[in-house]
Amino acid sequence: QQQVKQSPQSLIVQKGGISIINCAYENTAFDYFPWYQQFPGKGPALLIAIRPDVSEKKEGRFTISFNKSAKQFSLHIMDSQPGDSATYFCAANGGGSNYKLTFGKGTLLTVNP
Amino acid sequence: DAGITQSPRHKVTETGTPVTLRCHQTENHRYMYWYRQDPGHGLRLIHYSYGVKDTDKGEVSDGYSVSRSKTEDFLLTLESATSSQTSVYFCAISGGGTQYFGPGTRLLVL
Chain A
669 QQQVKQSPQS
679 LIVQKGGISI
689 INCAYENTAF
699 DYFPWYQQFP
709 GKGPALLIAI
719 RPDVSEKKEG
729 RFTISFNKSA
739 KQFSLHIMDS
749 QPGDSATYFC
759 AANGGGSNYK
769 LTFGKGTLLT
779 VNP
Chain B
4 DAGITQSPRH
14 KVTETGTPVT
24 LRCHQTENHR
34 YMYWYRQDPG
44 HGLRLIHYSY
54 GVKDTDKGEV
64 SDGYSVSRSK
74 TEDFLLTLES
84 ATSSQTSVYF
94 CAISGGGTQY
104 FGPGTRLLVL
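Top to bottom, those sequences are chains A and B. The numbering of the first sequence is this note's numbering, which starts it at 669 and goes up by one. The numbering of the second sequence is this note's numbering, which starts it at 4 and goes up by one.
These aren't lab readings, by the way, just hints derived from the structure by calculation.
Reference excerpt, derived from the structure (chain A facing chain B, CB under 10 Å, subset only):
1) Y700
2) G709
3) P712
4) L714
5) N761
6) K768
The following label-pair restraints were derived from C-beta to C-beta distances:
7) A:K725 with B:H44: 20 to 30 Å
8) B:G66 with A:K726: 38 to 48 Å
9) B:D59 with A:N780: 37 to 47 Å
10) B:D76 with A:E724: 33 to 43 Å
11) B:G66 with A:K673: 18 to 28 Å
12) A:P676 with B:V91: 19 to 29 Å
13) A:K726 with B:S68: 41 to 51 Å
All C-beta atoms, glycine included, are put in the ideal place defined by N, C-alpha and C.
Using the sequences plus the hints, can you model the full thing?
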């Protein structure tokens, strides 16, 4: 049973545009929601994370929006740049259970120049 | 890569042979994890450790075993490699919360 559903699988955006990736979860015990960025041949790197006590978190051009009632969260990349082209994974942590993460299947973002 | 190394970085092996992958950390973190990454499946947890000699299964543990005799090292063993275990394997560490990933090991089982 997939507990974190991520969409879209792939996304093409023009330089300067907004990239939006969505995730939905089922387990209401999840209490930490990180996003990871992965470049080809590299390991995933933490990009930004949020806890359910806030509805939005912004770091530079990256923003997480969180909707607890809908059990959804999304990543917005403002002013997308070709260097943002990567695979993005959302994840959720069940809290207190050895900090295990459940990952979405990933979104391949391509930002055209 | 947050003080995490994985070895080997690339390996080609034959079906039926045992394979051991090593993850080494210099952060003294309590938690260590092994994932595999496959197209269309994202990252799936194989096994994890919450302390020396303390390990537990993840969602795709069949055919894999792990050991952790020291805080800094977490070994993943494919007892008898199969072609379905061809994948990229990532180790991650956590001090309690955020996970940090290693550079990965690309394994090809022929």
